[in-house]
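A.B. asks: Here is what each chain is made of, one letter per residue.
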Amino acid sequence: MACTAETLAAALRAAAAVVAEHRAELVDLDRAIGDADHGENLDRGFTAIVSALDTATPETPAAVAKLAATTLISKVGGAAGPLYGTAFLRASVKLGDAAEVDGPLLVEALRAALEGVQARGKAVGGDATMVDALLPAVSAAEEASGSGVAAILAAAADAADKGAESTVDLVPRKGRASYLGERAKGHLDPGARSTALLLRAFAEAAK
Amino acid sequence: MSVGIVLVSHSAKLAEGLAELAAQMAPDVTIAAAGGLAGGGIGTDYDEVVAATQRADAGAGVVLLYDLGSAQMTAELAVESLADPSAAVVVDAPLVEGAIAAAVAAQGGADRAAVAAAAASAGAPPDLTFDEGVQDGESSVELTLRNEVGLHARPAAVLVRSIAGLDAEVTVRLGDETADADSVLALMALGARQGDRIEVRAKGAQAEEALSKVKDLVEQNFGE
Chain A
1 MACTAETLAA ALRAAAAVVA EHRAELVDLD RAIGDADHGE NLDRGFTAIV
51 SALDTATPET PAAVAKLAAT TLISKVGGAA GPLYGTAFLR ASVKLGDAAE
101 VDGPLLVEAL RAALEGVQAR GKAVGGDATM VDALLPAVSA AEEASGSGVA
151 AILAAAADAA DKGAESTVDL VPRKGRASYL GERAKGHLDP GARSTALLLR
201 AFAEAAK
Chain B
1 MSVGIVLVSH SAKLAEGLAE LAAQMAPDVT IAAAGGLAGG GIGTDYDEVV
51 AATQRADAGA GVVLLYDLGS AQMTAELAVE SLADPSAAVV VDAPLVEGAI
101 AAAVAAQGGA DRAAVAAAAA SAGAPPDLTF DEGVQDGESS VELTLRNEVG
151 LHARPAAVLV RSIAGLDAEV TVRLGDETAD ADSVLALMAL GARQGDRIEV
201 RAKGAQAEEA LSKVKDLVEQ NFGE
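Protein sequences appear in the order of chains A and B. When we follow the numbering used here, the leftmost residue of the first sequence carries the number 1, and every step to the right adds one. When we follow the numbering used here, the leftmost residue of the second sequence carries the number 1, and every step to the right adds one.
Pulled out of the complex, with its shape left as it was, chain A reads as follows (with noise of 0.2 Å):
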């Protein structure tokens, strides 16, 4: 099954319920190394971006991604804002006009939306931030290619969990838990579980 723009903004749609389910969590991993907003400032541009669906579903799966991007670089604010809204930014251009996306050309926007997240965030893998989930998942993604937009997407899901875990025994090396140091293992990285919670929100929805 490919993915058009109804169903890409019925998958956005999915994401902002998971968000708003999970606030609460996010909100307490992010009191624990961080200011406590993670939740809250995300729930709040998943709200805005079905508003804006609500007004209009734009025709093709990029330009849905873009509305996202420009969403959540308004209203989310922080760090979040700024590196999920270059990661649907940069996904956004990749899709292109194409009115479907297929499996190669998902892989392709998940890469680039990484690719983004890197050069905004300036951060690597092992720095226990979003990137440790969207690293593996990008890489379990690519290895999944062939397979059809549903069971990348499921790959790249498991992955981006098993990745956000990884967080927990890591010093933070980038964002505000860095100013914390050592002091900061044990926790998991909100960003990281925020980015697993949304491929898992996006795996389900092309189920």
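Calculated from the structure, these hints are not laboratory results. All C-beta atoms, glycine included, are put in the ideal place defined by N, C-alpha and C. Please note that the accuracy of each hint is not assured.
Partial selection, computed: residues in chain B whose CB lies under 10 Å from chain A [unchecked claim]:
#, residue
1, S70
2, Q72
3, M73
4, E76
5, S81
6, P85
7, F130
Place chain B on chain A using the hints.
C.D. replies: Chain B in isolation, oriented as in the chain A frame:
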């Protein structure tokens, strides 16, 4: 038409206060404060940064400075979103010193690259060099500072501005240290106070004019 400056901060008060400070040394430069969230909270507001960047651009480009962490990402994203991203540049510099250095450079008519360079170099220790005496082709004049604060921020900025655009390389010596007179921060680092005797040196086609301008300023107590 000078280069515009945008100050991106998590705090509206911080951005506004710094804009006020920098404006004192660069009255003709557009210095746009983009601090805090739209609702008044602490944070950086992407839309506000984009708006401030557009406001600050009079056609000669914009230099953006930021305070912490995500303010850099917001600033970079704002620049990428411009119709012409090459019109603006985000500079990694200490916010206060960088803003002052950038504002004074912009006031002196420096182009965008030079304004950005002035801000970026504000992070390095001020460029003081050990005195090697008057060089060949250099003219010099000795002056006694009579103004109350000596070569403090505002007088230093006035001095830099007075010689900006002249075809002359100007240095100021106090004791055995010399500072380039195109750097407010270097001049301030000399620590020249009221009653101190400084030596101003210049070479280049407009050296005499530069010396005479500085002499006038010192004699008029920098307009204090």
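A.B. asks: All the hints need checking, so say for each whether the structure fits it.
C.D. replies: Status of each hint after checking the structure:
For B/S70, the shortest C-beta to C-beta distance to chain A is roughly 4 Å, which falls under 10 Å, so the interface hint holds. A least Cβ separation of about 9 Å between B/Q72 and chain A falls short of the 10 Å threshold, and the interface hint therefore holds. The beta carbon of B/M73 is positioned within 10 Å of a beta carbon in chain A (closest approach about 4 Å), and the interface hint is therefore held. The closest approach between the C-beta of B/E76 and any C-beta of chain A is roughly 7 Å, which is under the 10 Å cut-off, so the hint is satisfied.
With 10 Å as the threshold, the beta carbon of B/S81 comes within range of chain A, its nearest partner Cβ sitting at about 8 Å, so the hint holds. Hint status for B/P85: violated, given a least beta-carbon distance of 13 Å to chain A, over 10 Å. Against a cut-off of 10 Å between C-beta atoms, the interface hint on B/F130 is violated, since the closest Cβ of chain A lies about 38 Å away.
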